[in-house]
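Trainee: What follows is each chain in one-letter form.
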Amino acid sequence: MASTAPNSLLSTHKSSDSSLNIHLHPLILLTISDYITRHTLRRYQTPIVGALLGQQNGRDITLEHAFECDLIQNNDQIQLHETWFKDRLQQYKDVHLAPALELMGWFTTTAVTGPEGIHVPIHQQILQQNETAVLLAFHPSSVLEGAAVGGKLPLTIYESVYESGEAGDRSMEIDGQDSPLDLRFRELPYSVETGEAEMISVDFVARSGGNATAVDGTVKKNEKAQASQAPVGQVDEKGKATAKETKAAEDSSILSAEDEELVASLTARANAVKMLHIRIRLLKSYLNSLPLSYLTTPAPPISDADSTSAPHTDTSTSTPEINHPLLRSILAILSCLPLLLPPAHLSNFHQETLAEKSDVELISLLGSLGRSVKDAREMGRKFGVVENVKSQGKKGYINMGALGEDMWDGEGKDVGSITLTRGEDGWVYE
Amino acid sequence: MDTSQKAWELENAIKLVDPQRDALYSYDEAEQKSVADAKPWKKDLHHFKKIRISAVALLKMVMHARSGGSIEVMGLMQGKIQGDAFIVTDAFRLPVDGTETRVNASDSANEYMVQYLQSCRDNGRQDNAVGWYHSHPGYGCWLSGIDVDTQINQQNFLEPFVAVVIDPDRTISAGKVEIGAFRTYPKDYTPLSAGKGDGYQTIPLNKIEDFGAHASRYYSLEISHFKSTLDTHLLELLWNKYWVSTLSQSPLFTNREYSSKQMLDLGGKVRQAERSIKAGSRGGQHRIGGKDTQLDKVICDSNKIAGEEVTGLLANEVKGKLFNGVGAGHRREEKRDENTTQAQRVLDGLASCS
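Chains as they are written, first to last, in UniProt numbering: chain A, 1 to 430; chain B, 1 to 354.
Calculated directly from the structure, the hints in this document are not laboratory data. Backbone N, C-alpha and C fix where the C-beta goes; we use that ideal spot for every residue, glycine too. Worth double-checking, as some hints may not be accurate.
As the list claims (entries may be wrong) - Which residues of chain B face chain A? A few of them, derived with a C-beta cut under 10 Å, are:
| no. | residue |
| --- | --- |
| 1 | S26 |
| 2 | L59 |
| 3 | G75 |
| 4 | Y112 |
| 5 | G124 |
| 6 | R125 |
| 7 | Q126 |
| 8 | S228 |
| 9 | E236 |
| 10 | L238 |
| 11 | N240 |
| 12 | G312 |
| 13 | L314 |
| 14 | E317 |
Please construct the entire structure, taking both the sequences and the accompanying hints into account.
Mentor: Here you go:
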């Protein structure tokens with residue numbers, strides 16, 4: 001079965017009319033990878049198979065959750081354990097009520113060539129529950145080879161179609177009988193979709209998660225290497241610091257917690273902008289490498305090609321094949337750009353952004369007002385203390401136990417009992 | 001069997017895992033049993049100090065919390081113990097009906113839990129339940145009175161157990177995951193360092209009493225995260241698709257409701273602080289310690305809100321600088337045409353020379 005010939009199970013028809021749109025959520029990828037890691041480390045022998053849950057709205061299929069499945073061997077065929085599967089599916093459906101998730105397909109690990117004969121029984125089991133079930137084939141071999149394919153995820157999604165038997169079966173045709181329907185898999189394009197919460201947690205884990213080396217917690221020295229998040233609210237790199245140390249670290253750190261958050265989000269955005277820049281540069285270099293357009297440059301004197309001939313039939317240089325669909329999509333992007341901010345809506349848009357900006361500025365003004373109030377009160381308090389000390393020196397003993405209570409300032413010094421009243425902006429003592 | 005092994009690609013799958021760097025994913029039943037028998041947490045109430053959460057578990061919990069909207073949701077975590085740390089490898093939801101103020105595990109939830117764990121074991125997954133998680137939408141990561149009681153109960157019967165709280169609203173607003181892990185002290189135990197300044201967080205007015213009353217009955221654990229080598233690789237690949245959504249986010253717009261609630265709350269707190277200052281000006285009581293604790297808290301809150309808003313505004317500014325007016329390339333095109341006509345003239349000149 002491990003043949004180098006084209007996979008007999010793959011459909012030979014083009015998938016241009018399948019029109020199923022698949023939206024994949026990153027949780028599925030992480031579930032699969034978690035399963036593989038655990039499976040290997042715990043030395044299970046069974047194949048890696050699991051189910052996919054999602055929603056289907058007409059032609060749009062979303063794949064949102066996944067869980068691993070129990071398998072049994074049924075005279076040489078590997079199949080899902082029916083009762084186990086039904087129970088598990090029901091458990092998942094019970095907790096995913098809004099939005100309601102259904103069984104959408106299953107996943108397994110295959111070679112890059114695609115599904116093989118032994119995958120068919122399970123697929124047929126799943127088909128009984130959902131007729132448009134898809135198969136997500138994860139390719140460990142692509143992961144091992146590295147991301148040589150330019151950042152493409154190492155998986156392929158197939159849908160199954162029943163096609164009539166191939167031409168080679170013509171000898172079996174009998175009048176009045178249809179040729180047997182065979183199960184074929186057809187590759188589907190997919191996109192990665194994500195909600196806001198998902199994106200934040202994926203981003204968070206990608207940046208801050210340490211590796212899963214097992215370290216004995218009682219050995220204190222080895223913990224330093226991993227980034228950790230200290231108890232609620234504090235962002236602290238030291239991990240094991242006691243409360244005092246963390247306070248000292250916080251006082252000496254130049255950036256406050258809010259500033260650090262700001263820096264982190266700006267860094268993320270900077271990275272995204274760099275990606276955008278790289279992609280645009282790629283497009284530009286591709287366009288530059290194409291032969292000169294016959295519209296804007298003069299035709300070289302040698303060729304007699306009339307201006308209506310396609311550019312790539314120029315004689316002199318061996319030009320690369322021009323990918324017309326690609327050029328068309330580039331042109332489409334470029335012509336969409338003005339639509340980002342159509343001039344008709346320009347003024348409204350400016351108003352809205354201005355309003356939003358003023359809101360934010362207002363809030364930061366509030367923040368700085370608060371800080372100034374705090375500083376003013378501090379100053380007032382210190383002034384009061386200083387005044388008391390001075391007056392004590394002048395007037396001598398002030399009787400204790402008068403109205404009001406003993407006043408203690410922050411350092412624990414008894415400043416005596418004075419009646420101090422607070423006016424609108426300062427201490428007034430008498 | 002050999003060919004089918006090949007078809008299932010098990011060999012290749014095995015190579016993807018690094019036994020040393022992914023060690024946390026393994027499960028040694030004998031080791032876990034011996035830890036469970038030894039029960040070191042009985043002697044030292046402060047035994048557990050850390051918790052490590054895997055990427056999958058975190059993602060599932062955050063998505064569950066978010067999907068609940070403003071209703072609290074609840075679920076369980078599976079994993080193991082290692083030294084003084086909890087290792088959480090997976091999480092699953094519980095079918096619990098949460099009202100806005102309380103989440104209780106009912107009988108049907110218990111039944112679900114038992115069934116789920118049993119089917120996990122049937123599949124060969126022996127991870128025990130090591131904790132529970134629930135969400136506090138919009139009001140921070142801490143344990144309410146009911147939560148503390150629930151946790152004390154569970155620590156009596158289900159040890160070792162940990163409580164995790166997630167705030168999905170703050171997560172989205174701040175752009176990073178708001179999560180806290182706690183263990184309670186038994187009823188008659190007071191910790192030596194009362195309220196050791198766990199790190200400040202803003203609590204809305206209507207919850208602040210609940211928070212303060214029980215804050216000394218539990219302590220928080222240090223949280224760290226981990227992911228496998230395969231996870232790392234996949235996440236790198238995902239970033240290739242993600243940067244688009246990072247750039248296109250509009251946090252100010254998505255979080256409008258949450259920020260309005262924050263402002264409302266801040267207003268209420270300011271009024272409260274003002275009232276207490278005016279009242280205290282005659283007796284001077286609020287000056288104990290020399291600090292306006294209430295006013296300080298309010299100011300901290302407003303700083304935090306201002307910080308989040310500024311981050312959101314910067315996102316919009318970046319987008320504006322990048323994309324506004326980008327289609328107005330007519331001028332640039334004209335310039336390019338100029339260049340080509342110039343080149344043309346030069347070429348013509350050369351042609352005429354030769």
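Trainee: Each hint should be assessed against the structure and marked as holding or not.
Mentor: These are the hints, each one checked on the structure:
no., hint, result
1, S26, "holds (4 Å)"
2, L59, "holds (5 Å)"
3, G75, "holds (8 Å)"
4, Y112, "holds (7 Å)"
5, G124, "holds (6 Å)"
6, R125, "holds (8 Å)"
7, Q126, "holds (9 Å)"
8, S228, "holds (4 Å)"
9, E236, "holds (7 Å)"
10, L238, "holds (6 Å)"
11, N240, "holds (4 Å)"
12, G312, "holds (7 Å)"
13, L314, "holds (7 Å)"
14, E317, "holds (8 Å)"
Violation of the numbered hints given earlier is absent; every hint is satisfied by the structure.
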